[in-house]
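Novice: The primary structure of each chain is shown beneath.
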Amino acid sequence: MIGILSTLVAAPFLAAVVLLLVPDRARLLVRLISLTGAGVALALSVRVAADYDLDAGGFQMPELYPLVPAMGIDLRLAVDGWGVSLLLLTGVIIFAGVLASWTVKERSKDFFILLLVLVAGVCGVFVCQDLFVFFLFYEIAVLPMYLLIGIWGSSQGVTEAGPFRYVWKLFDIGGREYAAMKLTLMLLVGSAVLLVGILAMYFAAGGTTFDMEVLGATAYPRDMQLWVFPLLWLGFGSLAGVFPFHTWSPDGHASAPTAVSMLHAGVLMKLGAFGVMRVGMMMVPEGAVYWAPLVGGVAVVNIVYGALSAMSQRDLKYIIAYSSVSHMGIVMLGAATLTVNGWNGAVYQMFAHGIMTGLFFALVGIIYERAHTRFIPSMGGFAKVMPGVAVFFTLAGLSSLGMPGTAGFVAELMVFLGAWESASPWWTIPAILGAFLTAIYVLRAVRGIFWGPGPDPAFEDLADARGTEWGALVVLGAALVLFGCWPGLIVDFIDRVTPGYLGVLTQGVVP
Amino acid sequence: MIPLHAYLLLAAALFTLGVYGLLTRRNAVGILISVELMANAVNINLVAFSWAHGGTVGQVFALFAMAVTVAEVVVGLALVILLYRSRKDVLVDQARDLRH
Amino acid sequence: MSAPTPFHWGLIALLFPLVAAALIGLVAPLRRAGMPAALVSIAAALTSLLASAVLLAGQIDDPSRAVVEVVGWLPVAGSTMAEVGLRLDGISLSMLLIVTVVATCVQVFSLGYMADEPPSAFGRYYGFHSLFIFSMNLLVLAPNLLQAFAGWELVGLTSYLLIGFYYRKPSAAKAAVKAFWVTKFGDMGLLLALVFLFAQTGAFSWDVTLSGGWAVVITALVFFAVVGKSAQFPLHVWLPNAMEGPTPVSALLHAATMVAAGVFLVVRLDPLFVQAPETQMAMAWIGAFTALFAAVIAVVQKDIKRVLAYSTCSQLGYMICALGAGSVMAAYFHLTTHAFFKALLFLGAGSVIHAVHSNNLADMGGLWRKMRLTAVTFIIGALALAGVPGLAGFFSKDLVLEAVHERGLWLPWLALLAAAFLTAFYMGRVVFLAFFGTPSKAAEHAHESGPTMALPLVVLAVGSVGAGYFGSSFAELYGASYSFHMGLSGIVATSLGLAGLGLAWLVYGRRSLPESSFAFLAPIGKLAESALLDRMYTFMFRRVLLVLAGLIGWLDRYVVDGLINVIGWAAIEGGRRLRRVQTGNVQDYTYAVVVGTILFVIWGLWP
Amino acid sequence: MSVEIAPLYLDVGLGAGALMVLVVDLFLPTVAKRGLGYLTALILAGLLAASFFIDTEGVAVFGAYQGSAWTTFFKRMFLAAGVLAALGSIDHVAQHHRHRQGEYYLLLLCSLLGMTLLPGVRDLVLLFVCFELMGIPLYVLASYGKNDIEGTKAPTGPEAGLKLYIVGTASTAITLFGLSLIFGMTGTTAIAGIGSASASPLLILGLLMVLAGMSFKIGAVPFHFWVPDTYQGAHTPFVAFLSVAPKIAAFGALAVIFLDGLATQQDRWLPIVVAVSLVTLVVGNLSALVQDNVKRLLAFSGVGHIGYMLMAFATADAYGLGMLLFYCAGYLVTNIGTFLVVEAVAASGGDDSISSYNGLARRSPYLALAMLLFLLSLAGIPFVIGFWAKLSVFMAAWKAGLYLLVVVGAVLAVLALFYYLRVARAMYMEPPGNLPIPRGSVSLQLAIGICLAAVVLAGLWPGPVVDAALDAARSFFA
Amino acid sequence: MIEQAIFAFVASCMLYSGLQVVHGRNLVHAVLWLGVTLSLTALLFLLLRAPFLAGIQILLYAGGVVTLMLFGIMLTHRHGGVHVENQQGRKLRGALAAGALFALMSGAICTTGALPHGGTAVVSAAEIGQAFLTDHLLAFEVLSLLLLAAMVGAIALARRSDYGEVVSGPAGRGVR
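Residue numbers (the working numbering), protein chains in the order written: chain Z, 27 to 537; chain S, 2 to 101; chain F, 7 to 613; chain P, 285 to 762; chain W, 638 to 813.
Honestly, the hints are just simulated from the structure, not real lab data.
In this text, a Cβ means the ideal position worked out from N, Cα and C, and glycines have one as well.
It is possible that some hints are incorrect.
[Claimed, not checked] Covered stretches of chain W (in silico footprint by chain S; criterion: 3 or more residues with CB under 8 Å from a CB of chain S, positions within the stretch not fixed):
#, stretch
1, 638-647
2, 651-659
3, 666-676
4, 692-705
5, 726-738
6, 762-770
[What the hints assert, rightly or not] Listed below are the simulated DSSO-like cross-link pairs for lysine-lysine, each with C-alpha atoms no more than 27 Å apart in a straight line:
#, chain 1, residue 1, chain 2, residue 2
7, F, LYS180, F, LYS532
8, F, LYS308, F, LYS532
9, F, LYS447, F, LYS308
10, Z, LYS410, F, LYS175
11, Z, LYS410, F, LYS180
12, F, LYS447, F, LYS376
13, F, LYS175, F, LYS376
14, S, LYS89, W, LYS728
15, F, LYS447, F, LYS175
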């Protein structure tokens with residue numbers, strides 16, 4: 027009997043395999059199959075949420091298939107409250123992502139295959155209970171990015187400057203292939219570091235199994251925890267955009283095609299933060315407590331630094347990309363607080379930011395597809411020709427600056443509350459300042475793109491969103507408002523498990 | 002009696018002479034000759050040890066070594082001829098199409 | 007079906023505008039049709055008004071009633087951390103009535119004022135309006151600080167959207183973001199206060215007792231947000247720019263309701279503020295200073311809306327000062343009366359602007375003849391603002407002054423008195439310049455507006471006249487006592503007000519005193535016009551923040567990312583160097599074999 | 285002690301097969317000689333199948349050989365490599381070496397016989413002879429290459445073969461000298477006996493020279509210089525074979541000598557193996573970064589892979605050896621598959637430069653997909669076998685305390701991805717231009733398909749292979 | 638004593654001839670010097686009581702290999718191109734490496750104190766044959782295959798085919 031979780035992970039993958047057999051020319055069929063794959067994933071994630079027994083909490087719907095018994099690696103699936111919420115996020119984003127990519131013209135089959143493989147990896151990470159397979163899914167989720175960006179991405183001009191100008195000759199900096207390569211390599215260096223940490227834990231726990239429950243229940247020596255945690259933090263953190271290992275993110279997100287940016291900023295970066303919490307903090311608690319001041323400090327740097335960087339950008343996608351860096355800082359800050367509020371907030375911020383940034387990138391994709399530019403100074407007055415896009419962009423912007431009524435507010439509030447309760451309360455202040463800076467750059471962007479006189483004669487014929495694009499925008503926008511007004515829908519799941527995890531962590535007592 | 006050390010030193014000396022030739026000869030046949038010298042040094046070693054330990058093993062080993070070396074030489078010479086046919090010379094430092 | 011409870015009425019008051027906003031927002035044909043959207047919005051506002059009237063009537067019957075209905079909103083550690091719901095008591099219901107009355111008036115007024123807009127913009131306008139009413143009601147009816155914060159931010163949002171209603175006008179776009187940024191800057195304080203409050207008490211409830219230090223910190227932070235939202239010095243800079251929005255918007259948001267939200271918040275949090283005398287002292291001083299400062303600037307403005315905007319700042323200063331003096335009643339009473347007459351003034355100004363198509367006082371003049379109703383109602387509002395006895399402003403202003411006086415805050419008291427004089431003067435100036443004297447070219451073709459614009463003016467004028475007489479009822483609602491008596495403050499203020507009006511008449515009515523005789527005041531005018539504070543903020547934004555951002559952006563691209571690139575470069579360069587070793591000469595390869603062997607032997611034999 | 289040959293049935297079959305090819309060759313007309321390739325593949329496949337039914341464990345031929353799970357595992361790898369190489373070679377050989385086809389398959393089988401014997405030998409003399417039986421045919425086969433490189437008229441095969449030969453014979457001489465010293469200091473050539481001697485300088489010298497000589501065969505730095513040149517110059521289907529089978533066999537021999545025979549001297553040779561592993565990892569991967577010729581690129585990447593194998597070898601325990609075997613198995617199918625794709629591309633009008641892969645994804649999507657998966661497997665990316673292989677090596681090394689190697693190896697694995705992705709980039713991101721559509725022959729496609737299936741299936745479910753490898757390693761130490 | 642004198646003489650001759658092998662300019666001379674070295678080695682084998690091997694050495698090496706080498710030289714040098722000067726740099730490097738290796742080896746030899754000391758027993762050809770058919774039977778079999786492979790390989794390489802000329806169709810059968 028195949029359980030629901032394995033079906034959920036397999037559905038996108040199977041859709042990808044089916045796509046392999048479909049001829050290139052059957053475009054509509056290709057899209058419908060992809061949409062079906064994504065839709066099944068979404069439906070199943072909703073089903074998982076519905077089936078999850080909130081009263082019981084903990085890990086549910088376990089499945090176990092032996093994979094490499096000799097190394098203690100098994101395909102162990104189970105889902106907890108965090109997983110449920112992030113699965114929902116993934117489902118929503120991929121569904122919207124497929125809708126937003128409806129108009130991909132070139133090699134659409136390959137595009138959807140890679141996209142679906144990536145989604146399968148992401149879903150796998152969220153439901154996996156075997157640390158090794160966790161890592162494996164993690165890598166699966168990272169790799170298709172290379173091709174997705176390299177083939178369907180776009181390049182941008184970058185001026186040669188700075189103390190390391192001479193490197194320009196070697197790399198095609200600003201090119202999509204450069205961006206793709208940088209993203210892939212940086213993330214995989216992270217995963218290499220991660221692997222070292224994982225192996226250390228595995229062998230310290232006896233070297234018999236990668237079962238996360240067993241590894242988590244092992245009391246590692248303090249010395250070891252102190253050096254393993256940074257590995258896990260930086261390993262996962264590179265994907266979460268932790269400063270200074272975030273530089274793949276602006277280039278990568280700016281170059282990536284719409285759906286890929288949506289998925290990557292919306293879901294993949296969360297994978298990193300999720301890993302830091304689930305693996306880093308929960309499994310090596312003493313290390314986490316010891317390093318929390320640094321983790322939180324860097325997170326605060328992320329918030330402010332990302333916001334300031336975003337403010338200095340004039341390329342629309344770069345703004346959004348840097349805003350992701352800034353917002354992931356909030357996630358990491360929440361994680362570093364080691365408080366219930368902070369952790370709830372961190373996970374909820376993953377969810378909220380995922381949807382928000384997904385919406386952002388979907389919109390940027392629409393604008394770019396129409397206007398063929400992402401350079402804000404050349405835009406202006408677009409609200410006249412694309413009012414729908416303007417509305418949704420503003421909505422996403424509001425969520426990003428923490429407007430009540432959108433999911434972003436709830437998440438940020440919880441993180442701020444947690445930060446003040448934490449061991450380093452001063453974090454709260456720059457974090458709140460970051461939210462203010464967000465208001466500045468987001469509204470500047472809105473003003474620059476949509477407001478003002480214009481648009482230019484060249485842009486007078488730009489069309490508003492249409493067809494499936496509306497679908498993507500409405501799904502994401504509605505989610506943003508729904509979960510902003512009624513956060514309990516998701517936070518109930520998250521909160522069900524957080525206190526237990528933290529109890530274990532902060533007491534340093536291992537059950 | 003001659004001490005075993007003497008044989009070993011002699012073999013070592015011959016071996017390193019062979020190494021010298023190996024490193025300096027530009028002609029492929031020259032290199033083959035040098036390798037022969039090295040192989041010969043091995044045989045001295047083997048026979049000397051065989052003499053020291055008694056028994057047949059060392060000499061059998063030496064015989065195998067000789068046979069194998071001859072086989073190598075045969076193949077090597079064929080290679081040299083092949084090289085000569087394709088390039089019209091057998092200077093190994095001229096055969097540098099494959100590099101970097 | 008049982009009879010509707012207060013809770014039901016509260017829900018109706020809160021949610022009808024939201025439903026209207028959602029309908030207008032989501033049903034595109036409705037929005038694009040324009041007028042139907044307006045009607046939906048007005049219907050919702052009227053319903054809301056009706057509900058709040060019913061509620062207030064009930065409240066007056068039983069002043070001590072406090073209905074609190076909440077549902078859990080955000081869980082933490084298995085229990086509820088934050089709730090949303092309604093709190094219906096004297097404070098919230100009276101504010102609710104003010105909001106709905108003014109809002110309804112303004113919406114009706116807008117029917118005429120905005121009639122020239124294309125239908126879809128018209129629909130959008132009403133959508134925003136409905137959203138605003140909902141947000142304001144959300145704030146007013148909030149059972150705790152968190153919901154209030156939500157409403158607080160949402161009114162900021164609607165303010166942004168409405169100021170930027172003419173988004174194609176660069177100045178409006180700028181004004182909108184400026185308003186948002188400045189208020190958001192203040193809101194950081196409120197957010198922080200929320201965080202601190204939760205950390206201290208584990209809840210966001212209105213009435214809490216805190217140990218001294220925390221009370222001061224939290225109230226100071228709240229006050230910081232109030233400074234932003236209620237346009238107090240030094241964060242008042244956005245309000246004048248906010249006049250870029252349609253005039254009815256200014257009447258509703260930037261005069262009567264939204265800017266008063268700060269006052270409302272402090273009133274709500276009064277239990278906390280009384281624990282923080284230091285904050286109160288600061289409020290008294292800042293309020294008084296703003297009152298005077300804004301009044302001075304208002305004197306030299308040429309734009310009628312700007313005069314009113316600075317006047318709003320000034321009057322809010324009164325309220326803040328009263329709160330600082332510890333008199334909730336005075337502040338709240340003034341808030342109420344001010345809402346009526348300031349909305350009236352703005353709508354009147356709107357009517358004038360609608361007629362002459364200009365904001366500039368120089369383009370007006372002699373409108374008394376052309377627009378009788380507007381003139382009459384505007385003058386009623388102006389007199390009420392100036393504190394002419396018998397009108398609403400007189401009672402409330404008197405109460406404020408009294409409170410400040412009682413508290414022994416002499417300097418603020420004097421400042422407020424001076425402001426009272428100036429208020430009368432600049433209102434007189436506006437009245438004489440706009441309605442009397444010789445009509446300008448633009449004013450010659452002016453004519454009275456239609457009934458949709460006239461009706462709200464009348465309603466508000468009635469309010470401006472009558473609101474002052476309900477002092478004791480209000481007091482009952484707040485659980486305070488009030489009886490009118492003419493004290494020292496009252497006498498002085500009234501005489502000063504009359505003097506101000508007289509001076510204005512002399513200068514602008516009879517023109518017996520040339521304007522040049524005020525030349526000695528020119529530096530003040532210059533100072534006001536130079537907008538030093540504004541320039542400082544602009545400097546901070548452009549030359550400090552943006553430059554810093556640019557620096558960080560550069561650093562990120564070229565140094566942080568550059569270093570990452572250098573790592574890649576180093577690897578490839580290493581590969582290139584290694585490549586040269588591969589000479590292609592087999593002798594070199596054998597050499598490597600021999601050297602490798604030697605190295606092995608050295609390492610293996612060494613120990 | 286007797287002339288028991290039951291454990292050698294497979295090897296005997298292999299030898300008989302070689303002679304059969306020799307005989308059949310005499311009677312076949314040139315046009316039909318392509319059939320020899322199929323015959324060879326069939327023989328090998330039959331033996332591979334037989335290996336699952338025949339019990340080849342036990343001591344044979346006067347104790348010179350011992351069959352066990354260990355040898356069986358190796359044999360299967362070699363037979364599989366042989367099948368794939370034979371299938372992959374058929375067209376190339378028939379097209380370019382039509383008059384030398386019989387010799388080609390005969391030499392291939394002879395070399396394979398040397399390999400299959402190596403892991404089970406219990407005697408240094410036999411070991412040496414087997415080693416040479418494996419090596420000498422390779423010199424010849426490497427010289428078959430015919431492909432020209434730009435700017436020269438001369439065929440590259442002779443140069444490739446010569447380089448392999450000269451470095452090879454020099455290494456053989458060094459090995460032999462070392463073996464003579466080992467024999468001299470222990471008085472015996474039996475593997476079981478050489479461990480008992482005390483650590484005299486001469487013994488150490490001998491074992492170090494053997495280590496150095498064998499490092500040539502596996503292509504460890506600094507004995508690796510022949511690797512890229514020979515790979516580039518020799519013909520590709522053979523390189524597919526050369527790049528895996530002899531190296532795996534050499535690891536078998538290394539295990540026999542060092543982990544079994546000279547395990548007592550571990551403190552002398554182990555640090556060197558660790559150091560060589562480290563240097564090999566770095567040099568191999570860095571050099572590959574800048575290559576524009578796919579075969580050279582793969583050659584250097586292969587050097588890097590040797591570093592990983594040495595890492596596993598350096599654990600010197602059963603677990604590590606098992607993981608080494610698993611790595612070898614994974615590397616075998618992956619690398620052969622990769623080179624066969626290279627052959628398929630080059631055979632239809634392309635050459636070996638990365639640019640001839642431009643737009644392959646559009647010219648031949650399945651071939652490109654296969655190449656992509658092979659490259660990912662080489663890079664160690666999940667759900668293809670290479671990932672598990674790399675992982676298993678890291679696990680073994682970590683367990684043995686070789687932390688530095690694991691860290692360096694993990695980081696270099698990412699660096700390696702850079703150059704693998706360069707090929708992927710060409711295939712998927714560059715426009716195809718006028719390049720032809722590769723049409724690999726049926727046999728080549730079959731071989732690629734087998735490799736692909738193995739890479740993917742074992743990637744999805746590596747458990748059985750790992751178990752078998754660990755069993756084999758345990759039986760080695762038993 | 639006599640033995641030692643013989644050994645000393647033979648050894649020094651071998652070293653001299655060895656040097657000529659690797660150092661001489663004329664490759665033909667070098668091969669001939671190699672023959673001398675190999676023959677002297679046979680003498681040494683006699684001293685080591687290994688007459689069978691000495692015989693084989695003369696036959697196989699001094700006879701076979703040297704002849705083969707001469708053939709090789711003749712086939713690959715048309716007119717007197719046997720003089721090939723080695724590069725000076727390489728000589729120095731080579732000498733350094735070889736010297737270092739010799740130093741290490743002799744160091745190892747000299748520091749290994751207790752070496753077994755041989756007797757006077759002569760190993761007969763019969764004993765060797767016995768060993769071939771028992772302990773080293775498998776190696777012997779493998780060796781036979783190896784020699785076969787080497788022969789076939791050498792023929793395959795040296796035969797004129799494939800390169801240069803195209804032998805078309807079934808007619809090519811005659812080439813073998």
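Novice: Each hint needs a verdict: does it hold in this structure or not?
Specialist: Verification of the hints:
1. Restraint check on the stretch 638-647 of chain W versus chain S: 3 residues with Cβ-Cβ distances below 8 Å, three needed, restraint holds.
2. Here's how the stretch 651-659 of chain W fares: 6 of its residues keep a CB closer than 8 Å to some CB of chain S, so the rule of at least three is met and the hint holds.
3. Taking a C-beta to C-beta cut-off of 8 Å, the stretch 666-676 of chain W contributes 5 residues in contact with chain S, enough for the three needed, and the coverage statement holds.
4. Residues of the stretch 692-705 of chain W with a Cβ under 8 Å from some Cβ of chain S number 7, which satisfies the need for three, so the listed coverage holds.
5. With a threshold of 8 Å between beta carbons, the proposed coverage of the stretch 726-738 of chain W by chain S holds, since 9 of its residues qualify and at least three are required.
6. Here the stretch 762-770 of chain W counts 5 residues with a CB under 8 Å from a CB of chain S, which clears the bar of 3, and the coverage holds.
7. Straight-line distance between C-alpha atoms of LYS180 of chain F and LYS532 of chain F comes to about 23 Å, which keeps the hinted pair within the 27 Å bound.
8. Among the hinted pairs, LYS308 of chain F with LYS532 of chain F is consistent with the structure: their alpha-carbon atoms are about 13 Å apart, no more than 27 Å.
9. A hinted pair counts as satisfied when its Cα atoms are at most 27 Å apart, and LYS447 of chain F with LYS308 of chain F qualifies at roughly 17 Å.
10. With a CA separation close to 12 Å, the supplied pair LYS410 of chain Z and LYS175 of chain F stays within the 27 Å bound.
11. Restraint check: the Cα-Cα separation between LYS410 of chain Z and LYS180 of chain F comes to about 17 Å, which is no more than 27 Å; the hinted pair holds.
12. A threshold of 27 Å between alpha carbons decides the hint, and for LYS447 of chain F with LYS376 of chain F the separation of about 13 Å falls inside it, so the pair holds.
13. Taking the CA atoms of LYS175 of chain F and LYS376 of chain F, the gap is near 30 Å; set against the 27 Å cutoff, the hint is violated.
14. With a C-alpha separation of about 25 Å, the suggested pairing of LYS89 of chain S with LYS728 of chain W holds against the 27 Å cut-off.
15. Restraint check for LYS447 of chain F and LYS175 of chain F: the C-alpha separation of about 25 Å stays at or below 27 Å, so the hint holds.
Violation of the numbered hints given earlier is confined to hint 13; every other hint is satisfied by the structure.
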